[in-house]
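Engineer: Next come the chains, spelled out residue by residue.
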Amino acid sequence: MRESTWAEPIVETVHVLTLTMFLGFAVLLDLRLLGICLKRRRVSDVLGQLNRWLFAGFAVMVVTGTLLFCADPVSFYSTFFLKAKMVMLVLAGLNIVVFNLTVGRKVAEWDLDSRTPRGAKVASIVSIVLWVLIVAAGRAIAYALPPP
Amino acid sequence: MWLKHLLLTFCHWCNNSFFGHGIRNSTWLFPFVEIFHLLALGVLGGTILIVNMRLLGFRFWGESSSELAREVRPWTLGSLAVMLLSGFLLFSTEAVKMYGNWAFQFKMSSLFLAILFTFTIHRKVAMSDESRVSPLWRRLVAVVSLVLWAGVGLGGRAIGYVTTSVTSTSIWLN
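First to last, the protein sequences are chains A and B. In our numbering, each residue's number is its place in the first sequence (first place is 1) plus 7. In our numbering, each residue's number is its place in the second sequence (first place is 1) plus 14.
This is chain B alone, in the form it adopts within the complex:
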């Protein structure tokens, strides 16, 4: 319960922050930030996809998956940073509404799991020597990664289509 309370307090703070307020009241700031979110999505998705395709067995340039993963890593991290920052800004414009949006909740849960998985198991398998990990295990890790990231994308897509009622949650805080 305390976690719920903390999250909702945070959402209210975002809603009332200068950036949440500023972006909400501007005609072009929201689309402007959204475009950065979309462009970073391209780079993030592309780099994650190519490493996972390598793990699935597509050979590309005959390099090892660890080489490929290392080469695209700065771009994955950079675009993830842009995604998180621009996503947070977009969220802050209607944070309290998002709190009760199931698609948003689904997206954040998937995102949490996807990031956790990417920087632990996925990283370890992608970076390790090919002879030391069985192909089946590599494929499984790639599929899990793709499913988790697809969950983030689909959840994000669904946010706009889900209509929420915020009254039930906002009453007890106010």
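This is chain A alone, in the form it adopts within the complex:
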């Protein structure tokens, strides 16, 4: 990566373009859980359909993100924002686990409700806030890196 002129911009571009899909779809899913968008769709349908794209997008994000990190791990690790981003990624994962173990498990009971249960609303707001902060932290890393 370090030796090539093109590798870094290309990997970074893939990272940013995949973000479009991942963030966009995550927000759509969260908006359904809040009962704001796609109100007439079954929650389980929205989850089922969007999940595969979210997983695919996340996988691309992780691979490209790791590649970018590996180009200069020491500098990256020295920034506060990288550590913050990793912690928030773990929290976002925990949020999904908690959702699936609680309200998500009983999704059949509120599948068609446009007024979703409070647990679902909390999970989606936590998700939106975390992803916004993760993106912000990711952008901030570039500003915090020591000059080459």
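No lab work stands behind these hints, which were simulated from the structure alone. From a predicted model like this one, the values you see are computed outputs, not experimental measurements. The C-beta atom is built at its ideal place from N, Cα and C for all residues, glycine as well. Hints should not be assumed to be uniformly reliable.
[Stated by the list, open to error] Some chain A residues close to chain B (C-beta under 8 Å, calculated; not the full set): (1) Pro16; (2) Val18; (3) Thr20; (4) Leu35; (5) Val139; (6) Val142; (7) Arg146.
Given the coordinates of chain A, work out where chain B should sit on it, guided by the hints.
Structural biologist: Relative to the frame of chain A, chain B by itself:
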């Protein structure tokens, strides 16, 4: 020629405006605006992508493309507004430099075409009854839309990597 002159005058005005000046001279304002630009990109890209994927034949929830397009429309429009506003603010910090940046020129041309296409042909096809438009035509419209928006994204990505010399353009205005 008059158009070129008008654009360059506009760029100079942006450069010297209070916001262009203010954001340029602040350490954190530029990244702050940039984050809004990036977040709106997520929502804009996601909603455009999902409608185009529907047109390409992914069924999602068995709904028609017009229903899906109508449902996500407020989010597309809202995020586009945030993109345009935050993008303009970012542009105003180095407007004259951007004037001579080919990546920026490419991005703006793509953006113009993408918006034009989205609100005319794309809108008409996405909103119309599925039986009335052939699948091939729907797919073609989706591909054109994706290519145009990808052009905007790639152009934007390239701006930072392109180094420009502004001297040739700024001399004759000053």
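Engineer: Next step is simple, just say for each hint if it's right about the structure.
Structural biologist: Going down the list of hints, with the structure as the test:
1. Interface restraint check: Pro16(A) against chain B, minimum CB-CB distance 6 Å, threshold 8 Å, status holds.
2. Taking 8 Å as the C-beta cut-off, the interface hint given for Val18(A) is violated, the closest approach to chain B being about 11 Å.
3. Contact between Thr20(A) and chain B, as hinted, is supported at the beta carbon level, the nearest pair being about 5 Å apart and thus within 8 Å.
4. Contact between Leu35(A) and chain B, as hinted, is supported at the beta carbon level, the nearest pair being about 6 Å apart and thus within 8 Å.
5. For Val139(A), the suggested interface contact is upheld, since its CB lies about 6 Å from the closest CB of chain B, less than 8 Å.
6. Hint status for Val142(A) relative to chain B: holds, with the closest Cβ pair at about 6 Å, below 8 Å.
7. With a least beta-carbon distance of about 6 Å to chain B, the hint placing Arg146(A) at the interface is held under the 8 Å criterion.
The structure fails hint 2 only (numbered hints given earlier).
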